[in-house]
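Using the sequences and the hints, build the whole thing.
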Amino acid sequence: MASNPKTTSPLPSPSRRCYKKLRKETTEAVKPARQMNETAQQTFQEQFLEQDYGGLVLHTLSFLDLPTLLRKQVVSKQFKNLCTNAIIAKCGKCGPKHHTNATLKETVQRYCDILYRKESCVYDMEEIACTNGFPIDSWNVSQVTDMSNIFSDNTFFDEYIGSWDTSNVTKMDSLFENAGQFNQDIGRWNVSKVRTMIKMFDTATEFDQYIGQWDVSQVRDMSKMFARTLNFNQDIGQWDVSNVRDMEGMFAGAYEFNQDIGQWDVSSVRDMEGMFGALHFNQDIGKWDVSNVTNLSEMFRGASAFNQDIRGWDTSNVIFMDRMFEGAQEFNQDIGSWDTSNVQDMHHMFYGAFVFNQDIGNWNVSRVIVMHGMFYNANQFNQYIGSWDVSSVRDMHLMFRGAHHFNQDIGSWDVSRVTDMSKIFKWAYESNQDIGSWNVSCVGDMNCMFKGASKFNQDIGSWDVSRVTDMSMMFCGAHEFNQDIGNWDISFVFWMSNMFEDARSFKHSLRSWDIYHVKLTNGMLPEDFPESFWPQNMHFRQKNYCRDDSDESIEITFSKSRPIPGNFEVGGYSYNSSSYQLIAKWDSRNWQAK
Numbered sequence: 001m002a003s004n005p006k007t008t009s010p011l012p013s014p015s016r017r018c019y020k021k022l023r024k025e026t027t028e029a030v031k032p033a034r035q036m037n038e039t040a041q042q043t044f045q046e047q048f049l050e051q052d053y054g055g056l057v058l059h060t061l062s063f064l065d066l067p068t069l070l071r072k073q074v075v076s077k078q079f080k081n082l083c084t085n086a087i088i089a090k091c092g093k094c095g096p097k098h099h100t101n102a103t104l105k106e107t108v109q110r111y112c113d114i115l116y117r118k119e120s121c122v123y124d125m126e127e128i129a130c131t132n133g134f135p136i137d138s139w140n141v142s143q144v145t146d147m148s149n150i151f152s153d154n155t156f157f158d159e160y161i162g163s164w165d166t167s168n169v170t171k172m173d174s175l176f177e178n179a180g181q182f183n184q185d186i187g188r189w190n191v192s193k194v195r196t197m198i199k200m201f202d203t204a205t206e207f208d209q210y211i212g213q214w215d216v217s218q219v220r221d222m223s224k225m226f227a228r229t230l231n232f233n234q235d236i237g238q239w240d241v242s243n244v245r246d247m248e249g250m251f252a253g254a255y256e257f258n259q260d261i262g263q264w265d266v267s268s269v270r271d272m273e274g275m276f277g278a279l280h281f282n283q284d285i286g287k288w289d290v291s292n293v294t295n296l297s298e299m300f301r302g303a304s305a306f307n308q309d310i311r312g313w314d315t316s317n318v319i320f321m322d323r324m325f326e327g328a329q330e331f332n333q334d335i336g337s338w339d340t341s342n343v344q345d346m347h348h349m350f351y352g353a354f355v356f357n358q359d360i361g362n363w364n365v366s367r368v369i370v371m372h373g374m375f376y377n378a379n380q381f382n383q384y385i386g387s388w389d390v391s392s393v394r395d396m397h398l399m400f401r402g403a404h405h406f407n408q409d410i411g412s413w414d415v416s417r418v419t420d421m422s423k424i425f426k427w428a429y430e431s432n433q434d435i436g437s438w439n440v441s442c443v444g445d446m447n448c449m450f451k452g453a454s455k456f457n458q459d460i461g462s463w464d465v466s467r468v469t470d471m472s473m474m475f476c477g478a479h480e481f482n483q484d485i486g487n488w489d490i491s492f493v494f495w496m497s498n499m500f501e502d503a504r505s506f507k508h509s510l511r512s513w514d515i516y517h518v519k520l521t522n523g524m525l526p527e528d529f530p531e532s533f534w535p536q537n538m539h540f541r542q543k544n545y546c547r548d549d550s551d552e553s554i555e556i557t558f559s560k561s562r563p564i565p566g567n568f569e570v571g572g573y574s575y576n577s578s579s580y581q582l583i584a585k586w587d588s589r590n591w592q593a594k
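Taking the UniProt record's numbering, the leading residue of the sequence shown gets 1, the next gets one more, and so forth.
Please note: incorrect hints may appear among the correct ones.
[Said to hold, decoys possible] Quick list of in silico lysine-lysine cross-link-like pairs, DSBU-like style, CA-CA up to 35 Å: (1) K193 x K105; (2) K507 x K455; (3) K519 x K455.
Quick caveat, the hints were computed from the structure, so don't treat them as lab data. Here the structure is a predicted model, which is why all the values come from computation and not from measurement.
See below:
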């Protein structure tokens with residue numbers, strides 16, 4: 001082996017003028033090689049290395065930066081070969097060692113540090129080449145069984161490693177995770193023993209190589225395998241995935257992927273959560289056997305192009321369907337025959353599924369606990385679901401928010417266990433069904449419940465709202481609402497701000513309400529609401545309302561429906577009844593309760 005250059009007489013660092021001279025001499029020296037045949041080139045290179053031009057090769061390697069020289073698009077192939085041979089020649093006859101799990105990760109990291117992190121030094125690369133072989137494709141990895149995280153987070157790595165012997169590898173988890181530039185042919189790798197490929201190409205944004213011939217028959221876990229591989233769109237339809245149990249997030253964020261995988265045997269899969277967050281995916285997977293799947297949550301979330309017939313799926317074991325079609329903007333298929341008897345979570349299931357409008361009235365939802373946001377912004381949905389057994393549901397907030405066309409009879413629903421109805425009909429413009437018989441005795445939050453439900457005008461005066469703490473903006477923008485709710489027990493309500501703001505038709509008395517304890521009442525009443533209908537015991541504090549530029553806030557207390565006659569004092573200033581008349585007309589939306 002050649003002696004370590006670091007221990008011998010070091011070559012002097014060339015000046016900038018020397019660099020230019022060396023670069024010119026190197027260019028002139030290599031130029032003739034481009035005209036030679038292979039044998040002549042080899043002879044030329046041997047002579048070049050033997051003469052070494054007073055250390056020209058080492059100097060050139062040191063100041064031109066090895067990473068640059070090793071990139072095909074930057075330097076000529078001849079010069080790249082010359083530099084590679086120079087390094088190998090300096091190593092003498094040292095053969096590459098057999099890598100193990102313990103050594104491969106460390107060596108790869110050092111290699112990448114030298115190549116891409118400006119720690120480049122020809123001497124360090126000589127040492128790596130002497131120990132491991134050069135270039136990296138020649139490394140002996142035949143004894144490696146675990147390649148997890150080998151190239152993870154090496155953003156610029158893009159070297160050819162297609163001839164690696166991976167026949168003994170059993171784990172490839174996160175192998176290229178965050179290796180954003182990697183896009184080399186590894187289609188001939190032997191992966192027949194690999195059992196897990198978790199996050200293998202996660203965020204390998206440039207990767208788009210054919211790997212359709214891989215034998216993945218032993219793989220058990222492919223979760224997030226192609227997540228965020230923005231460019232990947234290769235045919236993998238012939239893969240044997242019959243042993244895979246987990247496909248969670250497999251193509252999440254793989255925006256370009258749109259290959260036929262309809263023949264896959266997914267009968268062993270249990271988890272498909274977030275599997276197709278792929279913008280362009282729209283392939284027929286209607287024949288898949290999903291009978292063992294328990295989790296379909298977010299499966300088509302963000303799959304904006306997907307609109308395939310999946311009515312034949314056996315969903316009898318599914319427990320989670322939350323966000324399943326969220327953002328599936330084109331999906332409008334008949335799934336009314338699905339067995340949903342074991343589903344417990346349907347929150348945001350059709351959120352943003354703008355065109356979905358299919359009959360799902362026969363679904364068994366008796367075990368569903370969470371339905372919040374289920375039809376949020378499902379603009380076209382208007383199907384009868386009044387026969388659903390929702391007696392197990394605890395959360396319905398946002399359920400029909402933005403479902404502009406929904407106007408179906410759901411008055412017979414048993415909502416006795418629901419604790420949150422905030423925003424349930426917010427901006428459900430058409431909704432105007434009789435829900436007066438609902439048992440809302442467990443509900444604690446009704447904020448924005450009918451906000452923007454401009455047509456709603458049903459009798460809900462008999463509701464038991466004794467546990468509600470928040471009614472802020474409850475009827476804000478409910479233009480048609482004008483029902484008597486004066487008998488509601490609002491003794492636990494703390495927030496009533498903007499409750500009837502822009503409820504233009506509301507003209508019923510609230511004098512029986514005791515809101516002494518309410519903390520926020522700013523903007524509570526509609527404009528021109530009759531003073532005789534005002535609730536009693538209203539305590540307001542006008543923020544930043546000052547006289548003569550003082551910083552003192554004015555607090556006004558109405559102990560009865562009308563003020564104490566004569567003069568009264570507020571904030572150190574005297575007012576009379578005429579002053580009160582002006583005060584009473586202040587815009588209470590700018591007020592904050594005491």
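Results of checking the hints against the structure:
no., hint, verdict
1, K193 x K105, "holds, 20 Å"
2, K507 x K455, "holds, 16 Å"
3, K519 x K455, "holds, 29 Å"
No hint from the list above goes unmet by this structure.
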